[in-house]
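J.: As a plain string of letters, each chain reads:
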Amino acid sequence: MSETTDTLESKPPRWTGSDDYIASEDLQRIVNVSIALSRPLLLRGEPGTGKTLLARSIAQGLGLPLLTWHVKSTTKAREGCYVYDAVQRLYDSRFQDKDVSDIRQYIRLGPLGQAFSADHKVVLLIDEVDKADVEFPNDLLHELDQMSFAVAETGDVVTARTRPIVIISSNNEKELPDAFLRRVVFHYIDFPDEALMGRIVDVHFPNLDRDLLERALALFYALRNVEGLRKKPSTSELIDWIAALLAHGVDLIAAQAREEELPFLGTLIKRERDIAIAKDARKPKKSWR
Amino acid sequence: MPGPSSVAPAVPGSAGEMLFGRLFYGLRGAGIKVSPTEWMTLIEGLATGAIEPSLDALYAVGRALLVKHEAHFDTWDQVFAATFGEGEMPVALSEELLKWLDQPLDRPGLSAEELAQLERMGLDDLRKLFLERLEEQKERHDGGNRWIGTGGTSPFGNGGNNPAGIRVGGAGGGRQAVQVAEARRYRDYRSDRVLDTRQIAVALRKLRRLARKEGEPELDLDETIDRTGKNAGELEIAFIPPRENQARVLLAMDVGGSMTPYTRLCETLFSAASAQNHWKKLESFYFHNCPYSRLFTSMTSGENEPTADILKTRPPETFLLLIGDASMAPSELISAHGAIDWFERGETAGLVWLHRLRSHFTRSVWLNPMEPQHWRGYTTDVIGRLFPMFPLSLEGLEQAIDHLVRKTAPPPPPALDPRLVRD
Chain A
624 MSETTDTLES KPPRWTGSDD YIASEDLQRI VNVSIALSRP LLLRGEPGTG
674 KTLLARSIAQ GLGLPLLTWH VKSTTKAREG CYVYDAVQRL YDSRFQDKDV
724 SDIRQYIRLG PLGQAFSADH KVVLLIDEVD KADVEFPNDL LHELDQMSFA
774 VAETGDVVTA RTRPIVIISS NNEKELPDAF LRRVVFHYID FPDEALMGRI
824 VDVHFPNLDR DLLERALALF YALRNVEGLR KKPSTSELID WIAALLAHGV
874 DLIAAQAREE ELPFLGTLIK RERDIAIAKD ARKPKKSWR
Chain B
3 MPGPSSVAPA VPGSAGEMLF GRLFYGLRGA GIKVSPTEWM TLIEGLATGA
53 IEPSLDALYA VGRALLVKHE AHFDTWDQVF AATFGEGEMP VALSEELLKW
103 LDQPLDRPGL SAEELAQLER MGLDDLRKLF LERLEEQKER HDGGNRWIGT
153 GGTSPFGNGG NNPAGIRVGG AGGGRQAVQV AEARRYRDYR SDRVLDTRQI
203 AVALRKLRRL ARKEGEPELD LDETIDRTGK NAGELEIAFI PPRENQARVL
253 LAMDVGGSMT PYTRLCETLF SAASAQNHWK KLESFYFHNC PYSRLFTSMT
303 SGENEPTADI LKTRPPETFL LLIGDASMAP SELISAHGAI DWFERGETAG
353 LVWLHRLRSH FTRSVWLNPM EPQHWRGYTT DVIGRLFPMF PLSLEGLEQA
403 IDHLVRKTAP PPPPALDPRL VRD
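Residue numbers (this note's numbering), protein chains in the order written: chain A, 624 to 912; chain B, 3 to 425.
Hints may contain errors.
[Unchecked claim] Within a straight-line C-alpha distance of at most 20 Å, the following computed DMTMM-like cross-link-like pairs (lysine to aspartate or glutamate) qualify:
hint, chain 1, residue 1, chain 2, residue 2
1, A, Lys699, B, Glu236
2, A, Lys721, B, Glu238
3, B, Lys282, A, Asp756
4, B, Lys208, A, Asp756
5, A, Lys695, A, Asp642
6, B, Lys283, A, Asp756
7, A, Lys754, B, Glu246
8, A, Lys721, B, Glu236
9, B, Lys208, A, Glu758
10, B, Lys35, A, Asp756
11, A, Lys699, B, Glu246
[As the list claims (entries may be wrong)] From the structure, some residues in chain B lie toward chain A, with a derived Cβ separation under 10 Å:
hint, residue
12, Ser37
13, Ile53
14, Leu67
15, Glu72
16, Asp76
17, Gln80
18, His290
Everything labelled a hint here was simulated from the structure, so no lab data went into it. Where a beta carbon is used, it is the ideal one built from N, C-alpha and C, also for glycine.
Hey, can you work out the whole structure from these sequences and the hints?
T.: In structure tokens form, the structure reads like this:
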């Protein structure tokens with residue numbers, strides 16, 4: 624379907640995860656199909672489920688450089704392609720120490736432009752695409768489909784030499800347009816279950832005491848199940864919490880036996896109102912089985 | 003690869019093609035609108051070997067290519083199970099049935115006694131019966147009292163008069179349905195709603211008032227050329243602050259009572275409006291039937307702000323959007339003590355408050371969630387003469403916003419006819 628073909632690569636590279644990222648077989652399949660079919664991969668999931676980390680792991684696992692485009696509420700689609708610095712050019716024309724007739728000097732490529740003009744294949748992460756205006760994804764359709772764009776000021780056309788592997792992350796703040804969704808491969812990152820979470824923690828703390836791990840995970844998932852929390856603690860908060868426990872040598876079992884409050888609760892839950900709810904939920908109830 | 007069984011790529015006329023056709027139409031029938039582009043991507047993946055020929059791979063990769071929202075994953079599971087294993091194919095309510103129910107006959111006028119005679123049934127019984135009838139019924143049906151149809155007195159259908167009826171699609175003529183069985187309830191609730199939010203958000207983006215204020219300055223090319231020319235060719239650069247949206251928006255919504263059937267529609271509008279981050283300010287208020295001496299900031303706690311203060315402190319160029327069905331007892335609108343809420347002790351009739359709002363906020367509209375063909379009744383007529391009234395549909399919303407932002411000065415409010423208001 625694509626018009627650009629990668630003549631140098633007869634077989635697309637296969638990704639099987641990396642040292643610091645554990646990928647399920649399904650996820651590996653999805654990532655590899657999106658690479659083979661040259662479709663952007665759209666990742667959606669709770670904050671802290673490792674969307675950015677996955678992009679980094681794909682780049683690392685394939686041995687390709689990673690370019691990241693952080694999208695903000697004011698980001699325009701064209702900024703990803705290039706920015707024309709007209710003011711610099713005007714200033715330079717004043718002192719005549721540069722050849723201002725060459726407009727190309729004042730065209731700076733954005734992340735998309737850099738990915739297209741790179742000599743080798745790169746991984747391009749468009750991070751938090753839903754932060755921008757509702758029309759933003761639509762403005763990118765042509766660039767992502769054709770892997771090329773024109774620079775209006777010079778008439779140059781920048782075309783990808785090798786199609787970059789495009790990964791797009793979304794926190795689901797805004798709904799994405801249908802035309803955009805039709806063109807992507809979609810993966811929803813589930814929140815890891817206890818077993819997978821155990822392995823994730825293992826990657827960060829290789830020699831963690833089994834007892835502590837089990838107890839920490841149990842408390843963590845109990846906390847996630849507390850009703851009414853505005854923001855549930857996520858993976859990154861669990862890692863921070865375990866780091867804090869280890870650094871201070873807190874004995875979770877002893878603390879629990881003394882019916883103390885959860886140590887370093889603030890690393891897991893950040894909102895004041897949520898902390899109150901979490902403390903309340905931990906108080907023993909009569910109906911507790 | 004250890005797949006439970008292998009899947010043949012689609013060869014024309016083969017069993018594989020039939021199986022794949024079943025998957026495609028099964029998904030579409032279940033409400034997942036798989037586009038041909040997406041489908042061809044899947045076929046391309048299978049044909050080129052990018053997708054390994056196993057059921058496991060087809061399950062994971064097929065979902066990634068065809069289903070673009072996690073709300074649909076459950077439906078995918080059902081369709082996949084029905085296609086490749088055992089299980090029932092989930093089916094959305096047929097479009098044809100919905101279309102037919104959208105054109106109701108004139109409603110038969112039922113007397114109060116007749117209405118009272120119709121016994122109220124429990125909701126679960128109703129739903130069960132509804133599905134049974136839907137099974138039994140094969141043709142279109144108008145009138146009568148048993149089948150699902152239009153203009154009848156059976157508890158099911160559209161435009162009917164059973165006080166405990168389930169309305170099937172379309173507009174509720176009598177607005178008495180205890181539960182609105184829109185077809186989308188049988189499709190995926192969340193995704194439909196989400197689509198609506200996006201469409202409304204796109205419409206609301208047009209509501210803006212651009213003005214140059216603070217912000218990072220932009221190059222003013224015309225002014226730069228002008229100044230440089232005056233400066234004998236010596237460059238002099240001029241900057242100008244960027245244009246920014248200065249729009250202030252005030253939403254006021256009728257809640258409760260006759261508005262209950264439209265709760266979801268209004269919620270959708272509110273959630274789309276509050277997700278807009280390009281306005282200078284958005285405020286929302288609630289009222290019951292008609293705005294009186296105060297507008298509520300919370301539906302539950304009764305927190306409120308005096309309407310007089312709102313008129314004093316909000317700039318007149320604020321866009322005012324009133325949302326309500328404009329249907330109430332005439333006294334609620336025109337009598338000095340007409341408010342339905344006992345704690346509203348205002349001496350001023352609702353119509354006077356409405357007139358004050360209309361006079362202060364020169365750019366204001368009324369959005370009515372009822373369909374225009376049902377806009378009748380005295381109060382709707384009076385309010386419609388004061389405020390430009392638009393239906394709360396996507397099209398109506400677009401027209402309302404065009405009306406709000408158009409360049410020409412808004413027409414002055416009509417003078418309030420003192421004969422309308424009663425003491």
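J.: Against this structure, judge whether each hint is valid.
T.: Hint check results:
For a cut-off of 20 Å, the pair hint linking A/Lys699 to B/Glu236 is broken: about 33 Å separates their Cα positions. Of the pairs offered as hints, the one joining A/Lys721 and B/Glu238 holds, with about 18 Å between alpha carbons and a cut-off of 20 Å not exceeded. Taking the CA atoms of B/Lys282 and A/Asp756, the gap is near 16 Å; set against the 20 Å cutoff, the hint holds. Our distance criterion of 20 Å between C-alpha atoms is met by B/Lys208 and A/Asp756, whose separation comes to about 13 Å.
A C-alpha spacing of about 30 Å is found between A/Lys695 and A/Asp642, which places the hinted pair above 20 Å, so the restraint is violated. The hinted pair formed by B/Lys283 and A/Asp756 meets the criterion: a straight-line CA distance of about 17 Å does not exceed 20 Å. Between A/Lys754 and B/Glu246 the alpha-carbon distance is near 19 Å, which keeps this suggested pair within the 20 Å criterion. Our distance criterion of 20 Å between C-alpha atoms is met by A/Lys721 and B/Glu236, whose separation comes to about 17 Å.
The hinted pair formed by B/Lys208 and A/Glu758 meets the criterion: a straight-line CA distance of about 12 Å does not exceed 20 Å. With a C-alpha separation of about 25 Å, the suggested pair B/Lys35 and A/Asp756 falls outside the 20 Å cut-off, and the hint is violated. For the hint pairing A/Lys699 with B/Glu246, the CA-to-CA distance comes to about 15 Å; that is within 20 Å, so the pair holds. Interface hint status for B/Ser37: upheld, as the beta-carbon distance to the closest one in chain A is roughly 5 Å, under 10 Å.
Taken as an interface hint, B/Ile53 checks out: its beta carbon lies about 6 Å from the nearest beta carbon of chain A, inside 10 Å. Against a cut-off of 10 Å between C-beta atoms, the interface hint on B/Leu67 holds, since the closest Cβ of chain A lies about 6 Å away. Because the beta carbon of B/Glu72 sits about 4 Å from the nearest beta carbon in chain A, less than 10 Å, this interface hint is met. Restraint check, B/Asp76 versus chain A: the minimum CB separation of about 12 Å is more than 10 Å; hint violated.
Evaluation of the B/Gln80 hint against chain A yields a violated restraint, the C-beta minimum of about 17 Å exceeding 10 Å. This hint is violated: B/His290 has a C-beta 29 Å from the nearest C-beta of chain A, more than the 10 Å allowed.
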